[in-house]
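With the hints as extra help, turn the sequences into a complete structure.
The lines below spell out each chain.
There are 2 protein chains.
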Amino acid sequence: MPNSVLVVGSVALDNIESPAGRAEHILGGAASYASIAASLFAPTRLVGIVGGDFPEEHLQLFRDRHINLDGLQIDEKGKTFRWSGDYNDDLNQANTHETHLGVFETFNPTLPDSHRESTFVLLGNINPELQLRTLEQVNNPKLVLCDTMNLWINLAREKVLEIFSKVHVAVLNDTESKMLTGDDNVITAGKKLQNLGPEHVIIKKGEHGALMFSEKSIFASPSFPLDEVKDPTGAGDSFAGAFMGYLASTDDLSAANLRRAVVYGSVVASATVQDFSATALAKLSRDEVESRFNAMRQLSQF
Amino acid sequence: MPNSVLVVGSVALDNIESPAGRAEHILGGAASYASIAASLFAPTRLVGIVGGDFPEEHLQLFRDRHINLDGLQIDEKGKTFRWSGDYNDDLNQANTHETHLGVFETFNPTLPDSHRESTFVLLGNINPELQLRTLEQVNNPKLVLCDTMNLWINLAREKVLEIFSKVHVAVLNDTESKMLTGDDNVITAGKKLQNLGPEHVIIKKGEHGALMFSEKSIFASPSFPLDEVKDPTGAGDSFAGAFMGYLASTDDLSAANLRRAVVYGSVVASATVQDFSATALAKLSRDEVESRFNAMRQLSQF
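If you read the protein sequences in the order shown, they are chains A and B.
Here the first sequence stands for residues 1 to 302, where the numbers follow this note's numbering.
Here the second sequence stands for residues 1 to 302, where the numbers follow this note's numbering.
Keep in mind that the hints were calculated from the coordinates and are not lab data.
Errors might be hidden in some of the hints.
Claimed, not checked - Straight-line C-alpha distance at most 20 Å; calculated EDC-like pairs for lysine to aspartate or glutamate:
1) K77(B) - E56(B)
2) K159(B) - D227(B)
3) K178(B) - D90(A)
4) K205(A) - D227(B)
5) K192(B) - E228(A)
6) K205(B) - E57(A)
7) K178(A) - D90(A)
8) K205(B) - E228(A)
9) K191(A) - E228(B)
10) K77(A) - E57(A)
11) K205(A) - E105(B)
Said to hold, decoys possible - Just a few of them, taken from the derived set where beta-carbon distance is under 8 Å, the chain B residues facing chain A:
12) K205
13) A220
14) V263
15) Q298
Said to hold, decoys possible - Here chain B is said to cover these stretches of chain A; the calculated rule only asks that three of the stretch's residues, wherever they fall, bring their Cβ under 8 Å from a Cβ of chain B:
16) 157-167
17) 201-209
18) 233-247
We put the beta carbon where it would ideally sit given N, CA and C, even for glycine.
Dropping the structure here:
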């Protein structure tokens, strides 16, 4: 059986403003980005919930990429999770205007039996309580990654610490790493996060790349150079999706392959931010991924 | 004749506060850091000015490193340039408290005849008018690098552009690159700076490393990971000094060697910031430099 990536997280409709323009009612959500990114590399299963208002075209986008939707609940009477925000001040920091949880308010992730044997589990950025409930339903995963965000660190710190103690890979951005550890220095913060349980801690630094802290080493990946970032939404989710998809497809958890996975994550995230929503991500070909991966070597080798 | 590095810039006495503490009347100035860093690799000549109050122990530090002081003017009646500042809010951004130009007010760099044949010229961060006057006195340099800062971009923009048009390598930090180009995106800013004349533009990003823009490629160097930064003063000057010293010592201006020079620059700068003033920089051995250089490979290879 080939490995498959199970992705749980939000599926959303977003309104977004950035210096590059404005887009409304577009596909968003951590699980959307992560599953589309993972599906570039490996069979992918999406677990989440949408309302009756969720456009058929977005479901079709998932189907076109052979993303398994057996775990996507559709609550016909409810409304899809909606988020509005802007990046007008700073492309690295979203200002949230509005959040409407909709069907997410009562979401209880339930895995179809066929999903319980998933080997690679990506716990996207949702309430850590839901991440825990999802993980409990998976029988014997090879690799579990979780993402989180400032909201959960503030509201549910203990649950974030609990899920961190149960995963192999924790992914968060530099601001979140400071919030969770109280440490301004990203190097010592990364080491403190490792002490919480994860074998690997990945700290994302946006345009400055990513750092992976492993047992014996630190890996610094640059970001792929871009002349323009239109919409940074979903960069981190795409990173995590590609990271897990690549590892699932290669079935190799060596230190060297984990480094390559970080670079694939950075490469796929670089496409995501080149347009609003998952537009550029969904157009990204495997050839372009390989071409950017090779450019990353040129960028960093000495 | 082996290459030597000519360094012109400020030699100063600093008062500095950072989250790690406070230090007073310590050795500072762009040319001090740059010449000590360069002297790790190649014979170095310091061009600058100090007053009669400049402590003998600092002169002795330069002499101990065989830094040629024939071009260091000592104005016995004047006072050495003094700078006071803190990094209490942000280690990446100094708050200036006081600046006393002292002997620097009337400084006119004059190269001893023996210095006119210098092959590697490092125009440290001073008034671009003085950088131009220094450069005019060098006969036929192989490589000229200039650094600058926000002050000169604001006060003497045209002169900064003039010196940029005459050098091979321009070095500035990310904030300065935005000021000079008006471009928030560091990638397009780097390309615009290349259009001003320099063959290579290096944008320093502090803890996020450095980017070198060359004719056909971009090189991204991470910074050396540090658990603590005590005093960031002089990091950029040490970077430039080590970059030029390494290139002078190898006499190899190939693209690959320029990349290695950037990494040596990052490595030496990482030592500088581990203590106040040039204390840690002056203790840095060539063995430790090589050990950190190898660690940089481990950090970034995939």
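Here is what the structure says about each hint:
1. K77(B) - E56(B): The hint holds at about 16 Å.
2. K159(B) - D227(B): 39 Å, violated
3. K178(B) - D90(A): The hint holds at about 14 Å.
4. K205(A) - D227(B): 17 Å, holds
5. K192(B) - E228(A): 14 Å, holds
6. K205(B) - E57(A): At roughly 42 Å apart (the allowed maximum being 20 Å), E57(A) and K205(B) break the hint.
7. K178(A) - D90(A): 19 Å, holds
8. K205(B) - E228(A): 19 Å, holds
9. K191(A) - E228(B): 13 Å, holds
10. K77(A) - E57(A): 19 Å, holds
11. K205(A) - E105(B): 42 Å, violated
12. K205: 7 Å, holds
13. A220: Interface hint status for A220(B): holds (4 Å vs cutoff 8 Å).
14. V263: 6 Å, holds
15. Q298: Given a least distance of 6 Å, the restraint on Q298(B) holds.
16. 157-167: Check failed, 0 qualifying residues.
17. 201-209: holds (count 4)
18. 233-247: Violated, because only 0 residues of the segment 233-247 of chain A bring their Cβ atoms closer than 8 Å to Cβ atoms of chain B.
Against the hints set out earlier in the document, violations occur for numbers 2, 6, 11, 16 and 18.
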